[in-house]
Amino acid sequence: MKARMDDGTSQYYFTASMDSGKTLCSLLKAIQFQESAVFCAMQEGLKLTVEEGKCVQASAYVPSDNFTEYHVRDDVDVIFKISIAVLTECLNIFGSAEESSLKMYYRCEGSPLLLVLQPQSFSNVMTDCEIATQTADSLLELRDEDTSEVAKLVLKAPAFLGLLADLEKSCDVMEMHLSPEHPNVSIVTYGMQDRSCIDMPKSSDMVQSFSCEEAVTLKYQLQHIRLIMKALAVSSKVVLRCSSNGLLLLQLKLEKEDQRQMFSEFYIVPLLDD
Amino acid sequence: MKFRAVMMDSSPMREFANIVSTISKLSKECILRLSSDQLYFIVSEENNGPAPPILWCEVPQALFFSEYQIVGVDDEHKDIYLGIISANLSKSLVTLKTAKSLKMKLTKKQCPCLTLEIDLPSITMQQSRLVTHDVPVIVIPRKLWTEFHEPRVPRPDISIELPSLKQLRTTIDRMKTMSPEVVLRASAEGRLTLQIKTDLAKVSTRFRDLRVEAFEGPIDHSDSESESQINEDVSRVCYCRVDAKKFSMFLSADNISHNRTICSIVHKKLVTLCLQTEENVKLQCFITGIVY
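Those protein sequences? They're chains E and C, same order as listed.
The working numbering applies: residue 91 is where the first sequence begins, and numbers increase by one.
The working numbering applies: residue 14 is where the second sequence begins, and numbers increase by one.
No lab work stands behind these hints, which were simulated from the structure alone.
One should not assume that every hint holds.
[Claimed, not checked] Cβ pair distances, simulated, as ranges:
#1 E:Phe123 to C:Arg165: 47 to 53 Å
#2 E:Val329 to C:Asn268: 43 to 49 Å
#3 C:Lys38 to E:Ser191: 32 to 38 Å
#4 E:Ser191 to C:Ile303: 31 to 37 Å
#5 E:Gln349 to C:His271: 41 to 47 Å
#6 E:Ala187 to C:Lys104: 27 to 33 Å
#7 C:Lys38 to E:Asp155: 44 to 50 Å
#8 C:Ser177 to E:Asn335: 52 to 58 Å
#9 E:Gly281 to C:Thr190: 55 to 61 Å
#10 E:Ala323 to C:Ser177: 28 to 34 Å
#11 E:Ala323 to C:Lys38: 28 to 34 Å
#12 C:Lys210 to E:Ser191: 20 to 26 Å
#13 E:Ser191 to C:Arg168: 38 to 44 Å
It should be emphasised that the depicted structure is a prediction, and the values quoted were computed from it without experimental measurement.
Each residue gets a CB set at the ideal place from its N, CA and C atoms; glycine is no exception.
Turn these sequences into a full structure, and let the hints steer you where they fit.
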């Protein structure tokens with residue numbers, strides 16, 4: 091039998107509960123492009139990270155104030171590998187139309203992650219899940235303290251999603267020209283026969299802020315950029331940061347009805363000139 | 014051999030279209046057996062040779078038809094058995110939801126057909142439109158009738174009312190993505206558990222306070238290492254492992270407005286799902302248990 095949340099939680103490495111797991115589920119689905127994720131519970135909040143090759147690292151971050159109860163033991167590291175596909179299916183077990191309360195328990199290293207879900211509109215049903223955990227693989231350390239930031243843009247997420255959706259899907263490479271001069275941002279893709287270009291001056295409605303000291307051209311694999319589209323679809327705002335080594339960091343903010351926020355973050359490694 | 018029937022009321026017509034559409038989702042082909050008091054839709058497992066039906070649906074004709082005439086081959090064989098592609102029938106009946114009347118008859122065109130004449134109201138004009146569909150059928154010879162008898166099932170160990178089919182289907186469909194098999198566990202205390210177990214996860218959805226129609230315990234668990242919840246008398250619990258896809262398919266019947274759905278379990282061997290409507294339509298599905 092499961093221990094109740096209020097008694098003896100200290101014997102667990104990690105316990106948490108929230109009134110509705112729906113937003114968490116849509117956030118996790120936004121980064122679910124790999125089978126497994128690294129699950130890490132810290133004092134400040136919960137973070138799940140997936141990696142695509144050694145090129146893209148995506149995280150979902152849920153600050154602890156999103157939970158009605160949140161407890162992590164401070165003398166241990168709560169980090170493990172888990173199937174994110176199974177986790178999202180479990181969170182969605184009563185369907186996306188249903189709001190279900192969620193409780194999470196993790197007893198100790200090697201034990202499964204326990205979830206207890208209860209829908210708000212039916213009282214005679216509950217689901218409990220035991221999801222297997224494994225030792226976490228080490229994650230890429232992409233952030234480099236020695237490099238400086240060369241450009242920072244704040245954009246409206248729905249508009250940026252629309253822009254990415256307009257790009258030709260068959261293209262491999264996306265070029266991004268950033269400059270203090272007009273048109274500030276231009277995004278270029280090369281197809282079989284053609285070159286297409288989208289200009290986005292800083293006066294555009296979708297640009298909320300723009301800073302760039304000197305012109306820079308960066309190249310990324312378009313399919314890597316496309317991985318952020320699901321996350322854009324559930325977010326309100328996105329911050330793009332380019333560092334001098336070309337690494338692109340996208341920070342997306344998802345606002346909930348209750349004014350709390352959840353985030354997703356993508357690091358994308360640039361293509362180098364050959 | 015003769016068959017002619019007329020339907021005039023809108024609610025039975027809508028219901029009939031729903032029943033046929035559900036059957037077409039469950040199977041490509043079905044047998045339509047016509048008898049003097051009932052229509053039967055019968056589905057056998059595909060590509061499996063002669064096997065007892067997995068779906069058995071009874072529609073009492075008196076509540077649906079205002080006119081109903083049937084003449085069999087002879088006095089010994091009063092019924093008519095027709096093989097039909099279920100989608101053909103269901104597509105022809107789509108317009109039935111707004112129709113004024115439906116006439117069904119057995120005709121001989123280039124091949125034997127079930128001819129459906131649907132009288133549709135026209136929005137702009139006073140006149141109505143008459144749409145005729147000829148659905149090709151195969152007349153099943155008498156010597157094969159025995160294959161389509163109602164399956165004789167052993168007495169179930171438990172019969173329990175199912176919760177909302179829609180809710181159940183959502184849950185099963187999530188489970189189906191994780192595991193091809195699901196274990197149904199029902200207790201005499203009115204609890205029903207759906208459980209999947211894989212290397213990655215064990216997921217159990219528990220319903221409680223369900224009505225138990227019948228219980229024939231105690232259940233013998235001596236040959237299995239079945240796990241149970243604490244405080245539960247295992248002799249009052251039976252279970253059966255079934256194909257999640259088949260179970261989910263039956264649950265798509267939730268578009269038929271039904272009174273109740275009963276799940277009967279023969280411990281470890283068979284799950285029978287039976288849906289009943291106000292018009293006394295009975296839709297039964299037989300899912301055999303998976304035993305290792």
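Quiz prompt | Range hint 41 to 47 Å (beta carbons of Gln349 of chain E and His271 of chain C) holds or violated | solution = holds (43 Å)
Exercise. Using the beta carbons of Ala187 of chain E and Lys104 of chain C, state whether their distance is inside 27 to 33 Å or not.
Key: Distance hint for Ala187 of chain E, Lys104 of chain C holds at roughly 29 Å.
Practice problem: Go ahead and decide if the range 52 to 58 Å is satisfied by the Cβ distance of Ser177 of chain C to Asn335 of chain E. | Solution: Distance hint for Ser177 of chain C, Asn335 of chain E holds at roughly 56 Å.
Exercise. Return holds or violated for the Cβ distance of Lys38 of chain C and Ser191 of chain E against the range 32 to 38 Å.
Key: With Cβ atoms ~33 Å apart, the hint holds.
Quiz item: At the C-beta level, are Ala323 of chain E and Ser177 of chain C separated by a distance inside 28 to 34 Å?
Solution: holds (30 Å)
Quiz prompt | Consistency of beta-carbon spacing, Ser191 of chain E to Lys210 of chain C, with hint 20 to 26 Å | solution = holds (24 Å)
Exercise. For Val329 of chain E and Asn268 of chain C, compare the CB-CB distance with the range 43 to 49 Å and indicate the outcome.
Key: Once the Cβ atoms are compared, 46 Å apart, the range 43 to 49 Å for Asn268 of chain C and Val329 of chain E holds.
Practice problem: Hint says 31 to 37 Å; check whether the CB-CB distance for Ser191 of chain E and Ile303 of chain C agrees. | Solution: Between Ser191 of chain E and Ile303 of chain C, where Cβ atoms are some 33 Å apart, the hint holds.
Quiz item: Range hint 55 to 61 Å: satisfied by the CB atoms of Gly281 of chain E and Thr190 of chain C?
Solution: violated (36 Å)
Quiz item: Honestly, do Ala323 of chain E and Lys38 of chain C meet the 28 to 34 Å range at C-beta?
Solution: holds (31 Å)
Self-check item: C-beta pair Lys38 of chain C, Asp155 of chain E: status relative to the range 44 to 50 Å that was hinted
Solution: holds (46 Å)
Exercise. For Ser191 of chain E and Arg168 of chain C, compare the CB-CB distance with the range 38 to 44 Å and indicate the outcome.
Key: With a Cβ separation near 40 Å, Ser191 of chain E and Arg168 of chain C satisfy 38 to 44 Å, so the hint holds.
In summary, the structure is inconsistent with hint 9 from the numbered list given earlier, while agreeing with all the others.
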